[in-house]
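Protein chains: 4
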Amino acid sequence: MTAFDTPVRLTAVAAPDQPDVTPALEELYRGFEEELLVPLWTEIGDLMPAHPSSKASTHLWRWENLRTLADRAGHLVPVGRGGERRAIALANPSLGGRPFATPTLWAAIQYLMPGESAPEHRHSQHAFRFVVEGSGVWTCVGGDGPSGGGTDAVPMNRGDFLPQAGWNFHAHHNATSEPMAWIDGLDIPFQWTSEAQFFEFGRDALTPEECVTPVRSRSEQLWGHPGLRPLSATHATPGSPLLNYKWSHTNAALCDQLALERAGFGGTVEPGHAAVRYANPRTGGDVLPTIRAELHRVARGAATAPVRETGSSVFQVFDGSGVVSVGDTSWTVARGDLFVVPSWEPVSFRSEAGATDSDEGALDLFRFSDAPIFEALHLHRTQKDT
Amino acid sequence: MTAFDTPVRLTAVAAPDQPDVTPALEELYRGFEEELLVPLWTEIGDLMPAHPSSKASTHLWRWENLRTLADRAGHLVPVGRGGERRAIALANPSLGGRPFATPTLWAAIQYLMPGESAPEHRHSQHAFRFVVEGSGVWTCVGGDGPSGGGTDAVPMNRGDFLPQAGWNFHAHHNATSEPMAWIDGLDIPFQWTSEAQFFEFGRDALTPEECVTPVRSRSEQLWGHPGLRPLSATHATPGSPLLNYKWSHTNAALCDQLALERAGFGGTVEPGHAAVRYANPRTGGDVLPTIRAELHRVARGAATAPVRETGSSVFQVFDGSGVVSVGDTSWTVARGDLFVVPSWEPVSFRSEAGATDSDEGALDLFRFSDAPIFEALHLHRTQKDT
Amino acid sequence: MTAFDTPVRLTAVAAPDQPDVTPALEELYRGFEEELLVPLWTEIGDLMPAHPSSKASTHLWRWENLRTLADRAGHLVPVGRGGERRAIALANPSLGGRPFATPTLWAAIQYLMPGESAPEHRHSQHAFRFVVEGSGVWTCVGGDGPSGGGTDAVPMNRGDFLPQAGWNFHAHHNATSEPMAWIDGLDIPFQWTSEAQFFEFGRDALTPEECVTPVRSRSEQLWGHPGLRPLSATHATPGSPLLNYKWSHTNAALCDQLALERAGFGGTVEPGHAAVRYANPRTGGDVLPTIRAELHRVARGAATAPVRETGSSVFQVFDGSGVVSVGDTSWTVARGDLFVVPSWEPVSFRSEAGATDSDEGALDLFRFSDAPIFEALHLHRTQKDT
Amino acid sequence: MTAFDTPVRLTAVAAPDQPDVTPALEELYRGFEEELLVPLWTEIGDLMPAHPSSKASTHLWRWENLRTLADRAGHLVPVGRGGERRAIALANPSLGGRPFATPTLWAAIQYLMPGESAPEHRHSQHAFRFVVEGSGVWTCVGGDGPSGGGTDAVPMNRGDFLPQAGWNFHAHHNATSEPMAWIDGLDIPFQWTSEAQFFEFGRDALTPEECVTPVRSRSEQLWGHPGLRPLSATHATPGSPLLNYKWSHTNAALCDQLALERAGFGGTVEPGHAAVRYANPRTGGDVLPTIRAELHRVARGAATAPVRETGSSVFQVFDGSGVVSVGDTSWTVARGDLFVVPSWEPVSFRSEAGATDSDEGALDLFRFSDAPIFEALHLHRTQKDT
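Residue numbers (the UniProt record's numbering), protein chains in the order written: chain A, 1 to 386; chain B, 1 to 386; chain C, 1 to 386; chain D, 1 to 386.
Everything labelled a hint here was simulated from the structure, so no lab data went into it.
In this text the structure is predicted, and so the values were computed from the model without any measurement.
There may be inaccurate statements among the hints.
For each label pair, taking beta carbons as the anchor points, the in silico distance ranges come out as [to be verified]: (1) B/255 - D/385: 49 to 57 Å; (2) C/211 - D/46: 28 to 36 Å; (3) B/248 - A/50: 35 to 43 Å; (4) D/177 - C/305: 56 to 64 Å.
Derived lysine-lysine pairs resembling DSS-like cross-links, with alpha carbons at most 30 Å apart [claimed, not checked]: (5) C/55 - C/384; (6) B/384 - B/55; (7) D/55 - C/55; (8) A/384 - A/55; (9) A/55 - B/55; (10) D/55 - D/384.
For every residue, glycine included, the Cβ atom is placed at its ideal position computed from N, Cα and C.
Turn these sequences into a full structure, and let the hints guide you.
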């Protein structure tokens, strides 16, 4: 008899207005089980809710704890071929222990000791790195082949955002004398669930020439000038050709928005709330086909209105302190803390000065989400609660 | 202590080249558990395989068995508000007993008794109906409101394909004296996993005027003429404005392709293999944002080359008989049989005359898949095995 | 001295608020002439009017006269390599005697005697044929090479619309015992002015096999089924893959719209005014990159509201009779009559029964325009006068 | 008798293989004239050439002469409502004395005296300004209304490129004590020929607050950060939201390309030839729907290969000196000189040090063209002569 891999027992009663359980009805349900069938009428509440009601929970991870464990792993667990990366992923408490921050997004702290390299590989998963602290480690993102000539060494410093579209070879190397931590974001859960993943090993080692850290990547030299595109670049890939969005640019853009607001010209999302989206200069669209990334700045003393959105987000506090609310939960957050916002849960922020009480004290939040998936499929909705 | 909803126990050893399990390493893993973290290096084989390796199995459902159970349900289980539809879904044996034919696709037999109606509702899930047998039942698909004026009664007959993009109100009514069965295809699993679902009830009953079955729907009168679009239609929705793709057109297109091939002019996918894709006449693209639908005809005696593709498909045998191979499994199939093709599993067909040995004897296969999701996100691959 | 090819004399006075003409000012204008310069302030009224004010006139050409002259040319002027086509173009009376119906559009009557062929060539100009009377002549449109295998014989009958995107080889052949006339529409003036034209000769003669008239072209067998696209067709060209839009389909679509209106369901542009646009089934967009084509039916006794539009149109009366108004001019029109609507001139129609006073008596108008040019460049506007 | 506005006389003989001129043939041609018809066979050589053969000539305008005449006009001709702008246009010697640099493009020197303003207006023509010398004059580009709140003051300095999409209100003001000159580029000839122009007056005067020159425009504060877009900007217009492409960025991008080339990593179009295209950060595409703009740098001693392209270009020498070749014509050029490249004429450059023989000595060329028109319509071709 063909049957479910896991034993399954259908219940003959469920929805309102269903008939009494008679022997005939029981027999019908046993027939469903034998034929590997499940009726809609017992499942519709779970399958077709009035609005998204996430299987995931909201949760906060403290950066201090992550960093401590990552450092311990740096001393205990080698990085190399097979394991590929010393990356430790956020596992949403309600997703069965899987390393999934949300049903679609992966978020991990990655840690590299002085002199260490993570070997070259490529995968269909779209990825990025965001640096909350430290500097000097670089990543090496290649084109469509594992050749040295095709690679581009990209330095990483605090505040930098480094996207890497799927199927480009890449490795990492720490050329400094200090360990370094950063976060990785990928669409691993989305591709795992929808089953679209491809993976390939590259070279096991980088050349000495490749280990020299440049000041700027070649991608920045070609694509890092506002509103200008190189005539020499002709071929198109689905992701951004700009491989490092340096913090100095991001910070300047946010400062400019708040300055415009102060001058009475708008420019912000709402009072005291500046925000930029990392964009592909080739298309103006999202930086990766499945991942949106943004930096939000909430000026000192300002608060944002709760917003709901189809799909999930992961946030990391880049700077400042304040209070974050997701659904009914609130946390006081500090630099590096990470939290997730499940689908359709309202999220809002309030910037509050911490102990040092500086004059600036804005709350800076890095955010990434799966919104491009839903926008591409005409499934995206957003709602501002008032 | 914050912890996983379900008890989770991480294993300190996994990938090759991992260190011996020392107390320090054990402590590290217990620290991961406490902080809701999971290392990549123990999971990478599952998360990042060389190519998609589906959690789903291939499986065949016999139409005869489905139809018998559906008929029994027709006599035992009422259809109405709450349960909404008398739909009985294929549940892949390897997906935990959930009513998911594949990780992204829902396929169900729906059954309506003479005079019965299924109540009006709408949902973000994209849907279609395909009719393998019977006729006379119609579906009533509305626009963006539950008003009678906005609805369009669409008749259903054998071979007809009826798409219905998300968020349109719709109901069903059987105006004949015979029960009728058809299959429903939706992206329920995809939206359930990615958490994008919205649902709303419509009116509880249709008007008597709405219960008169027309020969052709209004959508066909406006959009059912090849290469012609009405100037009166201005607003765009994400799905096809054509609500019934009648079998007579589909059959004629397939006959034409085989006639072109016989005349030496190509026209087929490969020798003896004609195929059409249902297209949105407003864009030329897929008929639904998340679902592709096609009809394949394998001429008598012909066989197709195995093809692999990112994402999954569900097939229903519309006519003829033959042998179907998915991966290492083969079945002799007959009218109405349904089977699934998991991601990256090779699928091929051979048309073989059954007992009656008629002169025609082509094998006609209706297929739907999740390919538009992957194409929109630049994740689609296909490979012809030779 | 460098100077204008044609003697040019600039006038030193023009716009209001200009200074008196002094010797210094005269000297300035003579300096402009010498340096090949022209000031804006004397030309702005012509160059930048409040709205388009066409250099072209509206004009009506009577089909009877055109046909008579074309027939005379059929007996006096051979068709062959060099002259290429026996096509006689409408020359707008205000465009300097050039064979331009409007500043962007070419319209000509083409005439082929029994047994005659027009030789194969291709050009970047986008083209179509529309058949107002007669049948049996066919056109032979190829792909990207002048080989027999790539050609597709397309029959032509009354009411058929045959698009042919630029740079496809094509020839014509009259296999019947009667002469035949049709109209050609091209973007010759647009490409002549903007200087984008390429042209290449093909073969001088067709093969005997190619001279057999088919009932349907291969393009119709592949692409002539509503909402269905062949899986075998993979490469994309800028124009429609459907090479004949048969009258039976166009007529059915118009009848359906009027039937929907009578049933109280809208479907028409305005009361009594049905209209279809010829569309590319691969994209849903216009049938040619620079030319829009439509068929309008004004039911007997109905009248349309005046409409203005950026860009120009050419109309041909396909059937019926009535009154046409363009700007301040009105004509009573009959089958085959052609007229032009310059940019931003209001156009409207009234269907009136002629002598025979039949029950049908709708006024059928074929129209083509340059609207896709302006839509592609975000320059298109339309306005309904009330 | 209806007839051509201008007397037209058709010639009965033209193409090869045409019949002898008989009285019957003469009568046919007189019939054509009476009916406002022109045969294709006498015109095809002009209308359908093998490749574009421009009606325009190539020509060079010396900046020194332009500037002298503009300055004289500054003292003799007022600027104000009616004449609108003190702009003096290049008139191609072969285009009948019209102020058209090429069949599609307008190029003019605009000149504003200290304290002068040019009044507010808007038009459908797409426009830009490019500054070859001087600084301090600013332009004020508004949104979709003539209100002060919607305007954005944009400073202009040497090397800056300022696009302004059609139908935005704009004015100019010189707040300095020196006259200033810059060049205007528009698609006036294209819209004049295709008849798509709309024009509307705005306010006659600016407010005193609007006359304060800012360091950066608001558009730069919102959109001038590489790869970053503001979340606050939601509505889309067809042109770029970035209103000043500052020289410092353009120069840095060109330096970076040459540095990449020196380091062995490509990055240039060809050896010694760096080039950037001004892009719309919202789409990555051209900065204006009908106009492409680029800056080319030819390193000292380098030369470029001749290139042909559908459509026409206007170049201005921004810096350096060298030799320019267009078709069979060559000129030694200096700062500010302007020249035109007609459709399909090959153009190439050679950088040559002038008298001062500095170490840098690159030849910098600003270029604008009508290429987006042809690309949008699938009519664009380019060819590198070798």
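Hints and how they fare:
Between residue 255 of chain B and residue 385 of chain D the beta carbon distance is about 51 Å. The supplied range of 49 to 57 Å therefore holds. Distance hint for residue 211 of chain C and residue 46 of chain D: a CB-CB separation of about 32 Å, consistent with the stated range 28 to 36 Å. Checked against the hint of 35 to 43 Å, the C-beta distance between residue 248 of chain B and residue 50 of chain A comes to roughly 40 Å, which is consistent with it. Taken as a hint, the range 56 to 64 Å holds for the pair residue 177 of chain D and residue 305 of chain C, whose Cβ atoms sit roughly 57 Å apart.
Of the supplied pair hints, the one linking residue 55 of chain C and residue 384 of chain C holds, its CA atoms being roughly 22 Å apart against a limit of 30 Å. For the hint pairing residue 384 of chain B with residue 55 of chain B, the CA-to-CA distance comes to about 22 Å; that is within 30 Å, so the pair holds. A distance of roughly 19 Å separates the Cα atoms of residue 55 of chain D and residue 55 of chain C; the hinted pair therefore holds under the 30 Å criterion. This hinted pair checks out: residue 384 of chain A and residue 55 of chain A have alpha carbons roughly 22 Å apart, not beyond 30 Å.
Distance restraint check for residue 55 of chain A and residue 55 of chain B: the Cα-Cα separation of roughly 19 Å lies within the 30 Å cut-off, and the hinted pair is therefore satisfied. Restraint check for residue 55 of chain D and residue 384 of chain D: satisfied, since their Cα atoms lie roughly 22 Å apart, inside the 30 Å limit.
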